[in-house]
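Asks: Sequence:
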Amino acid sequence: MNHNDGKIVTRFAPSPTGYFHVGSYRTALFSCIFARQNGGKFILRIEDTDKERSKKEYEENIIESLEWLGLKYDAFFRQSDRTEIYKKYIQKLIDSGHAYISQETPVKEGGSIAATTKSTTRAEVIRFRNPKNKVSFEDMIRGKVEFDTTELGDFVIAKSIDEPIFHLVVVVDDIEMGITNIIRGEDHISNTPRQILIYEALGFTPPKYAHLPLLLGKDRSKLSKRNGGASITEYRRRGYLPEAVVNYLTLLGWHPKDDKEFLTFEEIVKEFEINRIQKGGAIFNEEKLSWFNHQYLMRLTDQNFLDLASPFMPEWLSGGSTLNKRLASILKEKISSFGDITNIFSVSGELGFINELPQYPNDMLFWKKDPSVANTKTHLEKSLDILVRLEKEVGEYGFTADAVKVALWSYAETAGKGNVLWPLRVALTGQERSPDPFISAFLLGPEETKERLNNAISKLK
RNA sequence: GGCCCUAUCGUCUAAUGGUUAGGACAACGGGUUUUCAAUCCGUUAACCGGGGUUCGACUCCCCGUAGGGCUACCA
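Here this note's numbering is used: position 267 in the first sequence is 267, and no number is missing along the way.
These are computed hints drawn from the structure, not numbers from a lab.
There could be a bad hint or two in this list.
Claimed, not checked - Computed list of lysine-lysine pairs in PhoX-like fashion (alpha-carbon distance at most 25 Å, straight line):
| id | residue 1 | residue 2 |
| --- | --- | --- |
| 1 | 369 | 461 |
| 2 | 72 | 55 |
| 3 | 55 | 132 |
| 4 | 92 | 55 |
| 5 | 260 | 325 |
| 6 | 325 | 55 |
| 7 | 377 | 392 |
| 8 | 325 | 382 |
| 9 | 450 | 368 |
| 10 | 461 | 450 |
| 11 | 450 | 405 |
| 12 | 288 | 222 |
| 13 | 334 | 405 |
| 14 | 88 | 72 |
| 15 | 225 | 56 |
| 16 | 377 | 325 |
| 17 | 332 | 382 |
| 18 | 72 | 92 |
| 19 | 144 | 222 |
| 20 | 87 | 72 |
| 21 | 325 | 369 |
| 22 | 51 | 334 |
Said to hold, decoys possible - Ranges of calculated distance between the beta carbons of each label pair, as one might list FRET restraints:
| id | residue 1 | residue 2 | range |
| --- | --- | --- | --- |
| 23 | 176 | 56 | 43 to 49 Å |
| 24 | 95 | 276 | 16 to 22 Å |
| 25 | 299 | 445 | 39 to 45 Å |
| 26 | 260 | 56 | 52 to 58 Å |
| 27 | 81 | 343 | 42 to 48 Å |
| 28 | 276 | 188 | 47 to 53 Å |
| 29 | 136 | 304 | 49 to 55 Å |
| 30 | 136 | 162 | 32 to 38 Å |
| 31 | 81 | 219 | 24 to 30 Å |
| 32 | 94 | 176 | 57 to 63 Å |
| 33 | 344 | 304 | 46 to 52 Å |
| 34 | 270 | 445 | 22 to 28 Å |
| 35 | 260 | 136 | 56 to 62 Å |
Note that CB positions come from ideal geometry on N, CA and C, so glycine has one too.
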């Protein structure tokens, strides 16, 4: 039955009852890392025994998210395909007297949990006959954990012979799949004694357990959409890089021995030590994720950056033009995820001026240290002059940011950099916060640059 | 309430009985700059409390306290 050939086998067993979450992903990640580092197998198992809450859509979302994040599994199972297997085990437990069919007295209305959930209350369920032992296990992260199972009572393991529930299916599958190490969230720690009891009743030795600290929201409760935890799909949609998400999440509860923060999946697998995982829960901090993402963005080559960013680029910036190429390095340092691109190119955004010159009041053209109409006009006219000559000399393709800078620089230095460059910035971008005027002129091209300068000059009459 | 887990800067964490308690994010200040960003430099900021053990505790033990998880015919 145990088909692990002495190898490490781990599994990730999500229930498809919601969009795949960063917290779940972190669990999957640690589980996978452990398998990889031991040359073992990593299994994905969809736990969809709750027919009311499980949805195909969510299962697809789990699979798709894992793929996006580059997490590969060696085998895939779905519990709803395995009813016959569970049936066999339930029967075995009944036959051996470890479980029995229990006649239920109807639950009273008002306040009880059963009354407030949608689940159907059966007249008859299958309960595990609790031997009421003391159970203990050696957690790989926490050390010895001990429970008295008496108060657990005879817990339900199936609604009927065809409808097993959580504790039973988990144990059966972990046995059948030869799982050697169960790595899961701390929220399962109190489920462990019940599951160990089932192992023992079935005559199997429980695997090793590692209960990961929980990922917490800002309010320190278990991370959920309510308290700041978004789905993986959400981060994908917002234009995060999977590598950055993986890197950041790994560092929540674990870190390499040195202070290194940037690690590839391969490096993580190499350096990972499960017994050095933190015991306390960690708050998921999106600010730091953003910082990580920005760092990863900065490490991309311009071409890679553009390829990945292209789905997020506005329509008017279509297709691999030189404009896009020059934009890459500027854009990269200004955004923390591709999702920021939409904003930055909006009319009020920092680079929105490329598409459309925002309206600006005339006095925005004046440099604060020399707010003179006559001087400002002179500087603009002179700049225009210089740029017209430059274009004649180098043509449209030579009209680069560097060329513009070289052309304007000596005049700017003699007349005062702020005096010349500030009006120029405003004339070209209509904004106080923008890339420098050389880059702006280049991005706009010579024609548009000339037009905007003329426009500004005429405003000063 | 019961059972279980946890506890170092605001956050993620280092320290494995002897350190000026270190790093990163954030915040703040400064340099640079025509603006913003980026970058560089710097600053602020923590051992939950009380008992032990010990020559010596952030480190070990106990008790509190606080936070969290579980407490379903969910997973």
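Asks: Compare the structure with each hint and give your call.
Replies: Okay, the hints, checked on the actual structure:
1. 369 <-> 461: Holds, because 21 Å separates the two Cα atoms, which is no more than 25 Å.
2. 72 <-> 55: Holds, at roughly 22 Å.
3. 55 <-> 132: Roughly 36 Å separates the two Cα atoms, so the pair is violated.
4. 92 <-> 55: At roughly 30 Å apart (the allowed maximum being 25 Å), residue 55 and residue 92 break the hint.
5. 260 <-> 325: Cα-Cα ~32 Å, so violated.
6. 325 <-> 55: Given that 25 Å is the threshold and the Cα spacing comes to 43 Å, the pair is violated.
7. 377 <-> 392: holds (23 Å)
8. 325 <-> 382: Roughly 30 Å separates the two Cα atoms, so the pair is violated.
9. 450 <-> 368: holds (24 Å)
10. 461 <-> 450: holds (17 Å)
11. 450 <-> 405: holds (15 Å)
12. 288 <-> 222: holds (19 Å)
13. 334 <-> 405: holds (21 Å)
14. 88 <-> 72: The hint is violated at about 31 Å.
15. 225 <-> 56: Holds, at about 20 Å.
16. 377 <-> 325: violated (33 Å)
17. 332 <-> 382: Violated, because 33 Å separates the two Cα atoms, which is more than 25 Å.
18. 72 <-> 92: It is violated: about 35 Å lies between the C-alpha atoms, which goes past 25 Å.
19. 144 <-> 222: With a Cα-Cα distance of about 24 Å, the restraint between residue 144 and residue 222 holds, given a limit of 25 Å.
20. 87 <-> 72: Violated - the C-alpha atoms of residue 72 and residue 87 are around 30 Å apart, more than 25 Å.
21. 325 <-> 369: violated (36 Å)
22. 51 <-> 334: violated (46 Å)
23. 176 <-> 56: 43 to 49 Å: For residue 56 against residue 176, whose Cβ atoms are near 23 Å apart, the range 43 to 49 Å is violated.
24. 95 <-> 276: 16 to 22 Å: For residue 276 against residue 95, whose Cβ atoms are near 45 Å apart, the range 16 to 22 Å is violated.
25. 299 <-> 445: 39 to 45 Å: Distance hint for residue 299, residue 445 is violated at roughly 30 Å.
26. 260 <-> 56: 52 to 58 Å: violated (41 Å)
27. 81 <-> 343: 42 to 48 Å: holds (45 Å)
28. 276 <-> 188: 47 to 53 Å: violated (21 Å)
29. 136 <-> 304: 49 to 55 Å: holds (52 Å)
30. 136 <-> 162: 32 to 38 Å: Holds - the Cβ-Cβ distance for residue 136 and residue 162, about 34 Å, lies within 32 to 38 Å.
31. 81 <-> 219: 24 to 30 Å: Given about 38 Å between the Cβ atoms, the range is violated.
32. 94 <-> 176: 57 to 63 Å: Cβ of residue 94 to Cβ of residue 176: about 19 Å, so the range 57 to 63 Å is violated.
33. 344 <-> 304: 46 to 52 Å: violated (19 Å)
34. 270 <-> 445: 22 to 28 Å: With Cβ atoms ~49 Å apart, the hint is violated.
35. 260 <-> 136: 56 to 62 Å: violated (37 Å)
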